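**Q** Spelled out from the first residue to the last, the chains are:
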Amino acid sequence: MTALLRFENVTVQYPIYNSRAMSLRNQLVRISTGGRIESEAGHIQIVTALRDVSFEIKEGDAVGLIGHNGAGKSTMLRTMAGVYTPVSGTIAREGRIATVLDLGMGMDVELSGYENITRMLMLLGLKKSVIPEHIKEIEVFTQLGSFLELPVRTYSSGMATRLMFAVATSTRPDILLVDEVFGTGDAEFQVNAKKRMEELIRSVGIFVFASHSSDLVKAYCNRFFFFEHGQIHEISRDEIPVAE
Amino acid sequence: MSPGTADILQMFKNPGLVLFLAWSDVRARYKRSVLGPFWITLSTAIGVVGLGFVWSELFKLERRTYIPMLTVGLVFWQFLSSSLTEASSVFVKQAGLIRNLNLPLSMHPAQLVLKQAINLAHNIPLFFLVVLCLGSPLNWNCLWVLPSLVLVSLNLFWMVLFLGILGARFRDLDYLISSVMPLLMFFTPVLYRPTALPYTALFIWLNPLAHMIEIVRQPLLGEAPPLMAVCGCLAMLVVGGSITLVLFNKKRNRIALWV
Chain A
1 MTALLRFENV TVQYPIYNSR AMSLRNQLVR ISTGGRIESE AGHIQIVTAL
51 RDVSFEIKEG DAVGLIGHNG AGKSTMLRTM AGVYTPVSGT IAREGRIATV
101 LDLGMGMDVE LSGYENITRM LMLLGLKKSV IPEHIKEIEV FTQLGSFLEL
151 PVRTYSSGMA TRLMFAVATS TRPDILLVDE VFGTGDAEFQ VNAKKRMEEL
201 IRSVGIFVFA SHSSDLVKAY CNRFFFFEHG QIHEISRDEI PVAE
Chain B
1 MSPGTADILQ MFKNPGLVLF LAWSDVRARY KRSVLGPFWI TLSTAIGVVG
51 LGFVWSELFK LERRTYIPML TVGLVFWQFL SSSLTEASSV FVKQAGLIRN
101 LNLPLSMHPA QLVLKQAINL AHNIPLFFLV VLCLGSPLNW NCLWVLPSLV
151 LVSLNLFWMV LFLGILGARF RDLDYLISSV MPLLMFFTPV LYRPTALPYT
201 ALFIWLNPLA HMIEIVRQPL LGEAPPLMAV CGCLAMLVVG GSITLVLFNK
251 KRNRIALWV
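Sequences listed follow chains A and B, in order. Position 228 of the first sequence, counted from 1, bears residue number 228 in the numbering used here, the numbering being contiguous throughout. Position 165 of the second sequence, counted from 1, bears residue number 165 in the numbering used here, the numbering being contiguous throughout.
Next up, chain A with everything else stripped away, as it sits in the complex (with noise of 0.2 Å):
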């Protein structure tokens, strides 16, 4: 199957809450009195993350998501996999996503390292018949040895980095979607991740990554994304701003 993404007149909102509007007792009170202490209730406000995009991604395209803080980067990837739903606008996807957003989701400290290998590709969507491959596979990626029959709970950070890491990568996607993964762990270890994350990119069909390091960006990517106040320009690999 050839990958696709295809997004058209795509809008994303999300609301912000700030404690009070979040409180259920604060919207009684606001109910009961007629909404004579609105003010005091919180207003809820709207952040419209992405305005009226549209763009075709296709097989062989690797883009990169370049912005400042908050012009909508990670929105952007958590829209493509399917998170967050647009108030309007069409998402045409094709092809098995995967996302390496924030790793560790999923984990479970008190489970060894082997359950939680399992747990976790679970929940990526890989049947348990083919899970004992992709062990064998991280088992080498990691080197923990026997570190993984004991509780996650008893890692050093980088040991559970090496482990977060190897799972979010280990399985093959169509499209793969990546936020800012990279500079952690030890240098020996960045050196392999890197490695293994070059290889992934080659495999899948679709790739879009999200940094703010252009140089990053310009090594893996062919097309270029630029995010600014919720709509985005591609631009051309000259254009690239260079690194803050």
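Please note that the accuracy of each hint is not assured.
As the list claims (entries may be wrong) - A few chain A positions that, by computed beta-carbon distances, are all more than 10 Å from chain B:
id	residue
1	Arg25
2	Gly104
3	Pro132
4	Phe226
5	Asp238
Stated by the list, open to error - Within a straight-line C-alpha distance of at most 27 Å, the following computed DSS-like cross-link-like pairs (lysine-lysine) qualify:
id	chain 1	residue 1	chain 2	residue 2
6	A	Lys127	B	Lys13
7	B	Lys31	A	Lys127
8	A	Lys128	B	Lys31
9	A	Lys136	B	Lys31
10	B	Lys93	A	Lys128
11	A	Lys128	B	Lys13
12	A	Lys58	A	Lys218
13	B	Lys250	A	Lys127
14	A	Lys195	A	Lys58
15	A	Lys218	A	Lys194
Quick caveat, the hints were computed from the structure, so don't treat them as lab data. Here the structure is a predicted model, which means the values were calculated and not measured. For every residue, glycine included, the Cβ atom is placed at its ideal position computed from N, Cα and C.
Fit chain B to the supplied structure of chain A, relying on the hints for placement.
**A** Frame of chain A; chain B shown alone:
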């Protein structure tokens, strides 16, 4: 198809995942302590012995009938109350997963109910132990508990989903529920039978949890499940289930933004 309905159908397509996750939650509990979920069994056992002997004397009730009744009441109350107490944070606690993976959201409530059902299975032997020790009667009507339990679990599923949606939006619901739960226990026929209340028995049936306790208790005590509780549970499933489905359809896509 509406987002909520599609979500629930997708969850039922992969029951293995939900079962696996619920089971691995229980395993994590075993890891933390040697007894794992049996700690609840132990505390229920202490409650049964303590309350059973004092209250049967106080109320001048036959121990052989009162103590098994009390055991069933406490064991199933544990199941209901721990599911409902955790319900309001069911999505908030899984925020990491919800914000990263496009998985059906209804699997989290299902996972919670299943986890509590596994804990319940740890507690049930206590009842048979009590029956054995006291030599109370037991008959085939006992098997009615299985369909009843399915009905109770389905009801719990919509309740947890409903409270979970509200709890994701209103974070103080958590405190509200945990402070109301002990009070609710006294309005639910846990320590007594509804028939023991001459005046307020009718009010007791207004409490949904009363139906859910009675429908499983009667069979275990050797009688067919009471018609009142069966009708009550079915009606709750239809009405509550529909309301929850409407709410879930409307708010399903918002949950990822709330947590």
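**Q** Give me the numbers of the hints this structure contradicts, sorted from smallest to largest.
**A** 1, 2, 13
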